Amino acid sequence: NAGVTQTPKFRVLKTGQSMTLLCAQDMNHEYMYWYRQDPGMGLRLIHYSVGEGTTAKGEVPDGYNVSRLKKQNFLLGLESAAPSQTSVYFCASSYVQPPSLNTGELFFGEGSRLTVL
Amino acid sequence: SQQGEEDPQALSIQEGENATMNCSYKTSINNLQWYRQNSGRGLVHLILIRSNEREKHSGRLRVTLDTSKKSSSLLITASRAADTASYFCATHSNYQLIWGAGTKLIIKP
Numbered sequence: 001n002a003g004v005t006q007t008p009k010f011r012v013l014k015t016g017q018s019m020t021l022l023c024a025q026d027m028n029h030e031y032m033y034w035y036r037q038d039p040g041m042g043l044r045l046i047h048y049s050v051g052e053g054t055t056a057k058g059e060v061p062d063g064y065n066v067s068r069l070k071k072q073n074f075l076l077g078l079e080s081a082a083p084s085q086t087s088v089y090f091c092a093s094s095y096v097q098p099p100s101l102n103t104g105e106l107f108f109g110e111g112s113r114l115t116v117l
Numbered sequence: 001s002q003q004g005e006e007d008p009q010a011l012s013i014q015e016g017e018n019a020t021m022n023c024s025y026k027t028s029i030n031n032l033q034w035y036r037q038n039s040g041r042g043l044v045h046l047i048l049i050r051s052n053e054r055e056k057h058s059g060r061l062r063v064t065l066d067t068s069k070k071s072s073s074l075l076i077t078a079s080r081a082a083d084t085a086s087y088f089c090a091t092h093s094n095y096q097l098i099w100g101a102g103t104k105l106i107i108k109p
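Just so you know, the sequences run in chain order A and B. At position 15 of the first sequence (counting the first as 1) the number is 15 in our numbering, and the numbers step up by one without a gap. At position 56 of the second sequence (counting the first as 1) the number is 56 in our numbering, and the numbers step up by one without a gap.
Rather than coming from a laboratory, the hints here were simulated on the basis of the structure. Note that this is a predicted model, so its numbers are computed, not measured. C-beta: ideal position from N, C-alpha, C; glycine also. Any given hint could be a false lead.
[What the hints assert, rightly or not] Far from chain B, by Cβ distances over 12 Å, these chain A residues were calculated:
(1) K14
(2) Q37
(3) R68
(4) S80
(5) T86
(6) V88
[What the hints assert, rightly or not] So, partial list: chain B residues that the calculated Cβ filter (under 7 Å) puts toward chain A:
(7) L43
(8) H45
(9) I49
(10) A81
(11) A82
(12) A85
(13) W99
[Stated by the list, open to error] Using 30 Å as the maximum straight-line C-alpha spacing, the simulated DSSO-like pairs for lysine-lysine come out as follows:
(14) A:K9 to B:K26
(15) A:K57 to B:K26
(16) A:K57 to A:K9
(17) B:K70 to B:K56
(18) B:K70 to A:K57
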């Protein structure tokens with residue numbers, strides 16, 4: 001059981017370049033999330049998805065786009081990378097707790113470390 | 001914006017001692033979760049406590065929740081070197097989790 005897998009694990013970009021981070025989960029979870037983690041700060045939510053074909057903005061969505069064409073995959077795109085997007089990106093997934101639809105525990109990938117020069 | 005704020009920011013104790021970390025939050029919650037992050041790794045869920053619960057145990061972990069004070073504490077008993085990590089609380093409200101900045105715990109041999 002692989003859980004949540006992120007690719008790539010490391011990437012260096014030049015300002016203005018674009019790239020896509022891929023997240024795949026094999027737990028049949030409805031919810032998926034993209035976070036960024038910066039030193040001295042907690043996780044900040046970029047975008048999230050509550051099901052296949054749906055996405056929503058989180059706390060810090062500017063400069064990022066996402067897509068969830070298949071339930072198991074959640075893609076995070078940077079159209080024109082900026083140095084401020086240097087960070088560690090984490091994907092997570094969770095199940096839904098009926099009937100309240102409260103989120104249970106999150107399962108995280110190992111992170112993707114992005115440096116923008 | 002951060003909802004949860006952990007205290008202390010860093011904690012260094014001797015192996016075998018107990019470690020206590022605190023988390024305060026601002027708004028009403030559905031549940032509160034604690035996670036551990038080893039250096040360079042992803043976060044791992046430790047324990048979830050619902051808003052109608054006051055205390056929960058899992059192995060050497062004990063979590064308390066005081067909704068009147070909007071605070072929670074995580075106690076790790078009989079600490080081990082492997083407990084060295086950062087610990088984060090996350091509060092669940094309006095279908096989202098909001099995270100604190102974490103407590104860095106160092107266990108000295």
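Evaluated hints:
no. : hint           : result
1   : K14            : holds, 25 Å
2   : Q37            : violated, 9 Å
3   : R68            : holds, 16 Å
4   : S80            : holds, 26 Å
5   : T86            : holds, 16 Å
6   : V88            : violated, 9 Å
7   : L43            : holds, 5 Å
8   : H45            : holds, 4 Å
9   : I49            : violated, 12 Å
10  : A81            : violated, 22 Å
11  : A82            : violated, 18 Å
12  : A85            : violated, 13 Å
13  : W99            : holds, 3 Å
14  : A:K9 to B:K26  : violated, 34 Å
15  : A:K57 to B:K26 : holds, 22 Å
16  : A:K57 to A:K9  : holds, 24 Å
17  : B:K70 to B:K56 : holds, 16 Å
18  : B:K70 to A:K57 : holds, 27 Å
The structure fails to meet hints 2, 6, 9, 10, 11, 12, 14 from the earlier list, while all remaining hints are met.
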